[in-house]
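*Asks:* Once you have looked at the hints, place chain A with the ligands on chain X.
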Amino acid sequence: MTTPTWKNPVVNWIDYRLPIFTFTHHSLVDYPTPRNLNYWWNFGSLAGILLVIMIASGLFLAMNYQPNTDLAFASVERIMRDVNFGWLLRYIHANGASFFFIVVYVHIFRGLYFGSYKAPREILWILGVFILLAMMGTAFLGYVLPWGQLSFWAAKVITNLFTVIPFVGEPIVQWLWGGFSVDNPTLNRFFALHFLMPFVIIGLVFLHLWALHQHKSGNPLGVDIKGPQDTIPFHPYYTAKDMFGLGVLLTLYMFFVFFYPNFFGEPLNYVQANPSSTPASIVPEWYFLPFFAILRSIPDKLGGIIAFGGAFVVLLIMPWLDRSKVRSATFRPIYKYVFWLLVIDMFLLGWVGGQKPEGWPLLLGQIGTAYYFIHFLLLIPWISRKETPLPVPESIASAVLPESGTATQGASQ
Amino acid sequence: MSDTAATVENSGGHGSHDSHDGETRRDFLLISTVAVGAVGAGLAAWPFVDSMNPSLDVLALKSIEVDISPIEEGQAITVFWRGNPVFIRNRSKKEIDAARAEKMSDLKDPEKDEDRVQKPNWLVMVGNCTHLGCIPLGQRTGEPKGNFNGWFCPCHGSHYDTSGRIRLGPAPSNLVVPPYTFASDTTIVIG
Ligand code: HEM
Ligand code: FES
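Sequence order for the protein chains is X and A. Sequential numbering from 1 applies to the first sequence in the working numbering. Sequential numbering from 1001 applies to the second sequence in the working numbering.
For reference, chain A alone in the conformation it holds in the complex:
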């Protein structure tokens, strides 16, 4: 190694520098050229990568308005928001009490029912199983509701309680509560 460097130095005639100096300078030039090139290639790739992200027209379908007045106590509807089902359930007193009676220590993904709703009877959640995205059953009367009287995902057997919290099965977390607001007592805006 130092032999070669010495030869280079002798023939190059930079007599005053020590042998490692020349090498370092070349290495620096090489490494910085490669680094700048890599950053440039990365920057050039970004537009291509980003073109695959949700586009403006997809993002424009940001929110929907839902009239909840026809939903009686104990009933539920499913609406579509950004391509995903959203469960809106008018919970009965019994369901609310059941959800609030659970001990936090019994939950896989501890979350208070109070933190999952804005009005105790209205439960609004994205209807995608947090395991692999199947739609859990339990919205319609007669569908299996699982061991916790909420929702049951048939794909790999996840059970959710009356607050949509995961209780049993492979799903790692509770059904997601989307951003929503009550525009009036009978209308909610999701998104």
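Bound conformation, chain X alone:
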């Protein structure tokens, strides 16, 4: 971790005044990274790259988009038909949102499996949940912009959630709408906020990375870095690994952009918003479905919203729900399996969220919701007390390097 000396005199001159090159070198080149990271550790950098892709594609869309209820739908159609490569920009942006959520959900479940939220990374984890919330807000605002039927009715139903607040609920929604219903002022401000939010996310990501670099990355074994033999420099090892992961991601992502660009979308959103006709079924984008199922499984307006908010609160307090000293589920014989129940539960809730809330899907949704909260509030604290963890390795190096290797490695450092 010595300060590099720069050969180029201009670089040296700048770096002496603003150590931006040294900073980058420390955080992207010789940044000491656990030597045993697996592919689940790719998803953070992938999320970062997707954020950049979203901002870039969004900026160019914004140059042709009209945030006005009379023009918005037509302007998106114009982007699709007349603007050079407009279709590509839009499909990159719309599918990018889906891939952004896929990547971030994997990233979060990685954290849940390997105990990434445990001390000293609690704030890092909480910032991550904030990023998820900010992304959801951004995606919701963005979905309103094309001003299709689902754009309009999603906006109306979601903003109406605020009416449960006693007394001030009504003034608050009117303040959000800038009128007495979702209308032109609403679309206009949603565009402004949709443009702003990604930059708020950048701010949160910056704090997230700051916290990360304070205590460095965790790793699949969940043991702390004890010395230089446990780490390798970020470059070229993890830059290469991250680039490989990026190649895989972009291949998948572009497969959808070019061959199934409307796979994640709803045909109904290609019908212009009509405030006098509610569509037969209003389904949100897939990434909201599990939480939407939780919202709807409680047959009471206020109760549903409390459960919805609670679903995020339990994530936020995860570092204090799980009392186990062992981070990685690899060494936790019970949690290791219970983790997968949550994964199954999320898929179940996701499926239920896309069904009509009646009959047995409603019942399944209620069971899924009950399990979700039981998992976090009862099972996790209980298991973390009762479970006897397997022996945890001494150090990263001793676990992943062959015997002789450890010795030489240790001696040479």
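For the record, the hints were derived by calculation from the structure and aren't laboratory data. Heads up, a few of these hints could be off.
Straight line, CA to CA, 30 Å or less: simulated BS3-like cross-link-like pairs of lysine-lysine [said to hold, decoys possible]:
1) A:K1145 <-> X:K356
2) X:K216 <-> X:K241
3) X:K356 <-> A:K1108
4) A:K1093 <-> A:K1108
5) A:K1062 <-> A:K1112
6) A:K1108 <-> A:K1094
Short derived list, chain A residues pointing at chain X, Cβ under 8 Å [said to hold, decoys possible]:
7) G1040
8) G1042
9) A1044
10) N1053
11) S1055
12) L1056
13) F1080
14) N1084
15) H1131
16) H1156
17) R1167
Distance ranges between label pairs, derived from CB positions [unchecked claim]:
18) A:G1142 <-> X:F259: 37 to 43 Å
19) A:S1051 <-> X:L252: 39 to 45 Å
20) X:W351 <-> A:T1141: 33 to 39 Å
21) A:V1049 <-> X:R17: 18 to 24 Å
22) X:L252 <-> A:F1080: 43 to 49 Å
Ideal placement from N, C-alpha and C gives every residue a C-beta, glycine not left out.
*Replies:* Just chain A with the ligands, lined up with the frame of chain X:
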């Protein structure tokens, strides 16, 4: 704590005050400065916050006039007022009787039918489901009217009766009756 205060006092030379006095005065200055600053910041933020409230041009679309003469008994129309659908229904005798026969104790949001209308046959209400704002079905012939022969919201299954009162489902309250007046026997002014 008192040690520090004593030191401050000795060096400051306010010999006649007791040690806590100096602290209190500074605390007061600090707290009042912060308080005035916070109030100032709050006041400065208000114009920004208020700019998001409905603007004068939006508020100017205050009322609309509707000719109700073409609506036959048993028919209904939907008009738009301030961006929201308003249901105007010319109720049949049967519907009125059904609405008035209900026991208050059977209602989720008890309200007499008499208090929801100005003329018994004319029911005027905002067509936003009080759950999450979908437009309930039942205005057009052939649409489902729910278990109480009034309106049915397809979004999460709320049933309203012939007075627009919530009877079943997640909606917490009755369909809202907007302010309106009869300008003549055949015209109403909403808003
Ligand atoms: C966190 C990053 C972002 C997310 C998750 C996101 C999400 C979305 C979504 C889901 C849509 C609707 C897609 C559709 O069906 O058409 C959308 C539309 C849009 N977004 Fe974004 N967005 C992000 C960043 C941005 C940025 C930074 C800008 C501007 C600089 C932007 C500008 C637009 C515009 C103009 C539209 C309307 C055109 C369209 O619908 O394709 N977005 N966004
Ligand atoms: S909006 Fe009507 S039942 Fe939910």
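*Asks:* Against the structure, test the hints numbered earlier, and report the numbers of the ones violated in rising order.
*Replies:* 7, 8, 9, 12, 17, 21
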